[in-house]
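Participant: Read off the chains here:
Number of protein chains: 8
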Amino acid sequence: MVDSESIKRILEQVAAGGLSTEDAFARLRTLPFEDIGFARVDHHRRLRRGFPEVIYARGKTPGQVVEIAQRLLDVDGLALATFVEPDVHAALAERFDGVEYDDLARVASIGRMPEPEAGVPPLAVVTAGTSDIPVARQASWIARAGSCPVDEVFDVGVAGLHRLLHVLERLQAAGAIVVVAGMEGALPSVVAGLVAVPVIAVPTSVGYGASFGGVAALLAMLNSCAGGVAVVNIDNGFGGGLIGAMICRRARLPE
Amino acid sequence: MVDSESIKRILEQVAAGGLSTEDAFARLRTLPFEDIGFARVDHHRRLRRGFPEVIYARGKTPGQVVEIAQRLLDVDGLALATFVEPDVHAALAERFDGVEYDDLARVASIGRMPEPEAGVPPLAVVTAGTSDIPVARQASWIARAGSCPVDEVFDVGVAGLHRLLHVLERLQAAGAIVVVAGMEGALPSVVAGLVAVPVIAVPTSVGYGASFGGVAALLAMLNSCAGGVAVVNIDNGFGGGLIGAMICRRARLPE
Amino acid sequence: MVDSESIKRILEQVAAGGLSTEDAFARLRTLPFEDIGFARVDHHRRLRRGFPEVIYARGKTPGQVVEIAQRLLDVDGLALATFVEPDVHAALAERFDGVEYDDLARVASIGRMPEPEAGVPPLAVVTAGTSDIPVARQASWIARAGSCPVDEVFDVGVAGLHRLLHVLERLQAAGAIVVVAGMEGALPSVVAGLVAVPVIAVPTSVGYGASFGGVAALLAMLNSCAGGVAVVNIDNGFGGGLIGAMICRRARLPE
Amino acid sequence: MVDSESIKRILEQVAAGGLSTEDAFARLRTLPFEDIGFARVDHHRRLRRGFPEVIYARGKTPGQVVEIAQRLLDVDGLALATFVEPDVHAALAERFDGVEYDDLARVASIGRMPEPEAGVPPLAVVTAGTSDIPVARQASWIARAGSCPVDEVFDVGVAGLHRLLHVLERLQAAGAIVVVAGMEGALPSVVAGLVAVPVIAVPTSVGYGASFGGVAALLAMLNSCAGGVAVVNIDNGFGGGLIGAMICRRARLPE
Amino acid sequence: MVDSESIKRILEQVAAGGLSTEDAFARLRTLPFEDIGFARVDHHRRLRRGFPEVIYARGKTPGQVVEIAQRLLDVDGLALATFVEPDVHAALAERFDGVEYDDLARVASIGRMPEPEAGVPPLAVVTAGTSDIPVARQASWIARAGSCPVDEVFDVGVAGLHRLLHVLERLQAAGAIVVVAGMEGALPSVVAGLVAVPVIAVPTSVGYGASFGGVAALLAMLNSCAGGVAVVNIDNGFGGGLIGAMICRRARLPE
Amino acid sequence: MVDSESIKRILEQVAAGGLSTEDAFARLRTLPFEDIGFARVDHHRRLRRGFPEVIYARGKTPGQVVEIAQRLLDVDGLALATFVEPDVHAALAERFDGVEYDDLARVASIGRMPEPEAGVPPLAVVTAGTSDIPVARQASWIARAGSCPVDEVFDVGVAGLHRLLHVLERLQAAGAIVVVAGMEGALPSVVAGLVAVPVIAVPTSVGYGASFGGVAALLAMLNSCAGGVAVVNIDNGFGGGLIGAMICRRARLPE
Amino acid sequence: MVDSESIKRILEQVAAGGLSTEDAFARLRTLPFEDIGFARVDHHRRLRRGFPEVIYARGKTPGQVVEIAQRLLDVDGLALATFVEPDVHAALAERFDGVEYDDLARVASIGRMPEPEAGVPPLAVVTAGTSDIPVARQASWIARAGSCPVDEVFDVGVAGLHRLLHVLERLQAAGAIVVVAGMEGALPSVVAGLVAVPVIAVPTSVGYGASFGGVAALLAMLNSCAGGVAVVNIDNGFGGGLIGAMICRRARLPE
Amino acid sequence: MVDSESIKRILEQVAAGGLSTEDAFARLRTLPFEDIGFARVDHHRRLRRGFPEVIYARGKTPGQVVEIAQRLLDVDGLALATFVEPDVHAALAERFDGVEYDDLARVASIGRMPEPEAGVPPLAVVTAGTSDIPVARQASWIARAGSCPVDEVFDVGVAGLHRLLHVLERLQAAGAIVVVAGMEGALPSVVAGLVAVPVIAVPTSVGYGASFGGVAALLAMLNSCAGGVAVVNIDNGFGGGLIGAMICRRARLPE
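Chains as they are written, first to last, in the working numbering: chain A, 1 to 255; chain B, 1001 to 1255; chain C, 2001 to 2255; chain D, 3001 to 3255; chain E, 4001 to 4255; chain F, 5001 to 5255; chain G, 6001 to 6255; chain H, 7001 to 7255.
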């Protein structure tokens, strides 16, 4: 079993300046991760990143997901998995108590989600349409798993601009904004033109024909004429939520 | 030389119901077009379409452009050419008097441009940025060549939405709106969400990297979540202006 | 509940010149739309656009579609939905009486479709082949929902040109022509070369191999050498019908 | 030097059935081709194919082209080169008398072009527009180099269908038709729908924006809904002319 | 019902020189095709092309396919359909006697296939691998439906070149060669380098990953360094067989 | 001229809670921007965003750039332009004193760059190779123009991982990291796996062949398996620097 | 039946220098392969290549796979098949005893796998993640079928670099390294930067959105900035293992 | 200055088993590389890889290339640069004596190239055409710089297969084969089907139209149906030569 206390001690020394990163790196390298044959479970990623390790369930058998979840639970008390299809959910529910499953977002959590941390500005999670909600929910899940408060604003796309104007104040108050949109992907540009908050754009595969599974939205977002926009992969609500929440959490750090 | 009177008579009979389209078609087929070896100059396209035949100068030698322009001038009294590079302009200016050359739009006209037709609502020609103006100008040229009034509104992109709000009334009054935008191509969606006028979107190659020479804008426009938008080829201001002006002109026909 | 009378009053003032668009916009922004959590139902889009709001059912749960349809019915008396799969149809049929379902076009309507408006020229809806009919039907549905008469002409592709020549007169009489074609997508160019009516080209995913799900047809249409053609998204019969019907309806306005 | 008589003898034996292809192949393999260091000049391709070896000049230095041309001239009495830029032409003209250079098609011939062979039906070479002529000319060159008569018909694109109807009889009389078109590439489908002759479609890079350097035309041609169409590479007039002329020449063989 | 005798008479006059193509065209246009609502069945395509009209069953309901087949049977005595899935086959088998179904090639024929025509050289149909056979079979079907003899040679791909060398004589004797290959699509180049017969290359979607559903093979074939190769759409064995058989049949015409 | 004091007052009221964003927006909309014909210079973007408006010089004439720069200088005392080619630089240098020109990054500044703001953590700007430096420099420019300190670390790509390990401490201390890389674009993933700081990845067009002008790097970055990475457009060092510096600056705000 | 002894004799003569390759080739060409109608089973590929012929089961019917396996078993005593779906496995298991089936890798073997050959350095097979294991297993299978020892190292992706550092020695000791990775595909570059062993990179389709089914990983690997990397097709673990094992085996040959 | 002796000692200890790779890695990390501001020159890559560090000159200023070359010369006595345009060559020639410049391959070497190492089998470098020679030459350069003998075989493409058969013995004798081809890229498959030697395929941008700058050849090579082929980037003769020579050199190691 991993001695997570020793990991913490090493990192505290780094933070305190008593240990160079390089030396810390050398020591961390010698710490055991768990080699369970088909996976090497990385217990100090949480320590490095402030967010739990998340299991990418696609391409793994239900048995593999259960096994990895068990190791994470043992050490962290929380396991989060994405791309969880019903058969994987069933396997998790059979093994663990209190599995929470969001079938829209295909996310499952096992163990206790943390409380939002005081003093951290919320992550605004915005969608252009109703069909984008499943991807947006991934962002909310990972942010909350990292103790970041979340403010969800759904269905405010550019075809009805007055709906967006109603929520400008909430967006202005966020630490970062995750904007989730498919089809032409215009919403991040419009939002970034209106508020002075970093925008993480998440293109979705909502659309058909020349949306090419989200490519149209992805390209639009990469070409945003409004500064302050960066983009993650198509349908990667999880990734957008992670960097968005990292930004929100750091907004508090210097206090 | 072509007897354009006879063409008109045939078409008038069709309009009057005295001749079926099919019979007219059969007769028109027997009318001479001019075969000048490298081109077959089509003198009744103007009659069919209400707009002059336009010379696509790219891929033609200066001599070929001059020759075709001469034939169009002889019959129509007006020749318009697009993609006119300086060497072609020089050849035209040497042969004809009063060539008007728009070096931004790379359009040249020889002969007399018509006056705007009374009672036709204007074609609004809108650009997202200053760099889109050369393409927009193509639209204005062909519309004016077809006697359609034009209202130009430049640099009202989505990154500064308040600039667009200032011109809503002018857009609302148009017979059709040509919206010219590069980069993320979001402007047509936003415009179509605000006004109840048909929008012809013209993507431009303004941008770099993942704009892929205008593909990002093209895809965004094709995927517009706001209804009432149709799209033409990248940088095809001419094509956008042509269908836009056709719509404006027909808005008057039933009077 | 929304007071649609007040919306109408505002817009009438605009039409009458007694209120600027900008002021009207400011007022409209303060009018309630309905926030039902997963969607913000936009009741004044119909007023802005002259066509009912249409529910894009893909990516929405049957329950969400039913809920939105209910709100639209309450205000407009008509709800139209596209991309309606059988499970969504079943949910609609269970809740509402008189659901009309076109399983070819995957369109459902609830409530009363309006009568065609007198004096509006018909929208011609043309297909290259039999396999393109489902997409074409979407165009007919939205046009009729907007009170625009429709003239359907199916299976007149370029491989048998004589079939097209038989219907030239009907096409010439249209206010606009929606041309629906897959494979090489050549029909819009040929139609636009024969008649002087704006052509809205709808590429379809009919084809295989290097048709790339409709991309071949889309590109052909964007590159049409015949002026007067604009294009909508692949399989977007709905979008083509909407702008086509907008053009037809405006052809009557100045009377 | 190569003893072409011995090659002929081998092949005649094959034709007469006195030698299996396999044995002939083994013998041919032992015949000298000329290894000139940077190239291995293939003197029996003409014998195998009925057409002269053609020098693809792009990517070769002027000196290399001259050297290969010399070897071909020595054996065949004719050298043909494509993609000949002015500097290569200059090098050829300096070394050889009577170089014929088509600067539009960028083709050069050295030596004596053969006469058209009696009894061979002509290859029709058709273009949609004037800008497609340089590519079409490549087809004419290689056909004539193979003794195949050529019938050139230029500028009969689908936007003015009546121009095409004028030449139907000439097309019907051809042994094969090479149809050269850029932009939307619709012409081969229309031609193949009207005549019962094999059509070789040559897409060109004429166009801009979403023509993607000829890809739009290429895809349209590959997806032709009219049977009897096969396609060669973009701007490959030479390849289209070669297979077209092969078909024409074989149409006579059984006599 | 269509009077096919009158069609024949018109065409015979053309063949005899007693009627211009143009006049014939005008007359043919007045002949009834059958408008059955969802399709316009083209009875004189067979006459124009020498091959039966083939029903493209994809995207059509079983009922539509049955209906069109009935009309073709009535006039031609033969109906051929491609992309026939089992449900369509079942519908055909229920209505017609003697349906022949090739479940590999997904082709169905109803009525009597003609005998091979004497004096026509065979169409060689060659595959690189076993997995390419279903596509190759489409080519054989249409060729035989057009009375062209067929010589099938399967599994002679470039990874085992000695297998190809065994069949060179058979290929040399063909009127045209259809080469069907997936993956890297190299076989047409190799075949065209060895024999002096026109090669129609058919790329297949056999492969995975960077074969991109046949695009790799398609591009390889379009870029063939060996002249005498033209290409049809991915998996379009039918189209390859049609033009291949047209070439074979014309090889006999001048006799 | 614009009364920037009044803009500030409005925004201060918003910040103080005495004015809703909506009301502020309405007021801002009524403030004059400068319409100079070909551009509408947006003077309150700086106020909204905390960074100066930057002139995108590509596609603008030198005269247009000079004119816009003048307006920005008049109000802000600083003008920054990107994509500045030598002719534009010459025009700027002729009109203004003290133009600073970075010919590697193609950035020009006119007027006084601000001092770095105390208490703001630095933006780390990292490149994989020497050839990526010009793009990285864009990031440094905009960050410094927004008063954000910058720490540049060049040539630490993954092919020599020991070079990266030397600078881990500097990266760990940053407020955000801009990672600039071409070719396979692997560096952002590796960096994000080692440090707990938000990473903005900037793909560059450095590379050739299958780098497709930066697409390979772009895709790699979008697919980063290490969380905490978001991406901007190819070669968009400016955009990466802008959002990176926005994050750094907000890291201080709660103090 | 094939006389494999005679094949061996020919090749031994070549190895011994008593027969030129060319003569051997000529003789081999005359040896019978088995033509079983739908396939030509190539019994001397094993002899030429040192690895058994492998059956690519995709696109073949279960019966075809069984038949080919029988022929290979008869001659080689071992048959290996890839892309074996459960129905094919069932057919194999019904016909043969001792079928070994790896349902993760979809590989089946019939007959006796050889022992690893002494003195051959192992092939290291490395994966970035757990989801890449099925592809990696293909590599292991073919290597072992060719008597090459295998060292599997799974789940050492770049997001947790310390896991890779643990296995450097094992990688350094390999004869070649097959690196299997999806998503951003960065692992081959990092490995090749650390060890002096040829790296064969295998991109996988693990990922979603802008991974485009493995294209992102493929492009990253092709653009590796670290020399000593070559790439095979997406998900082609078999191909990567084959060339990797060929390299390992030759590393021993000169002894 | 770097003490290369100490580097050698460390690595010798590793080779001798007296030092773990991990410990060696830790020590190497502490050794100085040279930080010259715009580049970090990596002097132990040669030691790790057996080949000199090569300067990728594209995107670097002539001054930067000269500076890096100086550092490499000081330590290694040899500097090699690729993508050397004439201006960079001029700068090198001005600074250093004895610069060897291959203007076809755009490679420059400064200092003494090593002799071929005895006992190493040659790297065969094969091209399909004359136009592929510049890329092939890159492969020869890097192989020779790594002391690997080279056997160049040019212009043996598949359109004239007999030319390839002449050199089979030379290919069979190689340690590895680099096959360089553009257009349809079929040569590597054919070579790998004939000989039992690992093939490194190098696609080139030779071709036009649908060769898409080498993509057609790249895809063909990735989809090779003949095992034993791996691929490098388009036009990356250098990369192909490097891994090819690594394989050749290791073929000797166990002695």
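These are calculated hints, taken from the structure and not from any lab test.
Everything numeric in this text was worked out from a predicted model, so none of it was measured.
Accuracy of the hints is not assured; some may be wrong.
What the hints assert, rightly or not - Partial chain B-side listing against chain F, Cβ under 10 Å, derived:
{"hint": "1", "residue": "Gln1070"}
{"hint": "2", "residue": "Phe1083"}
{"hint": "3", "residue": "Asp1132"}
{"hint": "4", "residue": "Ser1147"}
{"hint": "5", "residue": "Pro1149"}
{"hint": "6", "residue": "Arg1163"}
{"hint": "7", "residue": "Gln1172"}
{"hint": "8", "residue": "Tyr1208"}
As the list claims (entries may be wrong) - Residues of chain E clear of chain H, computed beta-carbon distances all greater than 10 Å:
{"hint": "9", "residue": "Gly4063"}
{"hint": "10", "residue": "Ala4090"}
{"hint": "11", "residue": "Leu4104"}
{"hint": "12", "residue": "Glu4117"}
Each residue gets a CB set at the ideal place from its N, CA and C atoms; glycine is no exception.
Participant: Does each hint hold? Answer for all of them.
Facilitator: These are the hints, each one checked on the structure:
no. : hint    : verdict
1   : Gln1070 : violated, 33 Å
2   : Phe1083 : violated, 17 Å
3   : Asp1132 : holds, 8 Å
4   : Ser1147 : violated, 25 Å
5   : Pro1149 : violated, 19 Å
6   : Arg1163 : holds, 5 Å
7   : Gln1172 : violated, 17 Å
8   : Tyr1208 : holds, 6 Å
9   : Gly4063 : holds, 40 Å
10  : Ala4090 : holds, 36 Å
11  : Leu4104 : holds, 21 Å
12  : Glu4117 : holds, 33 Å
Hints 1, 2, 4, 5 and 7, counting from the list given before, are not met by this structure.
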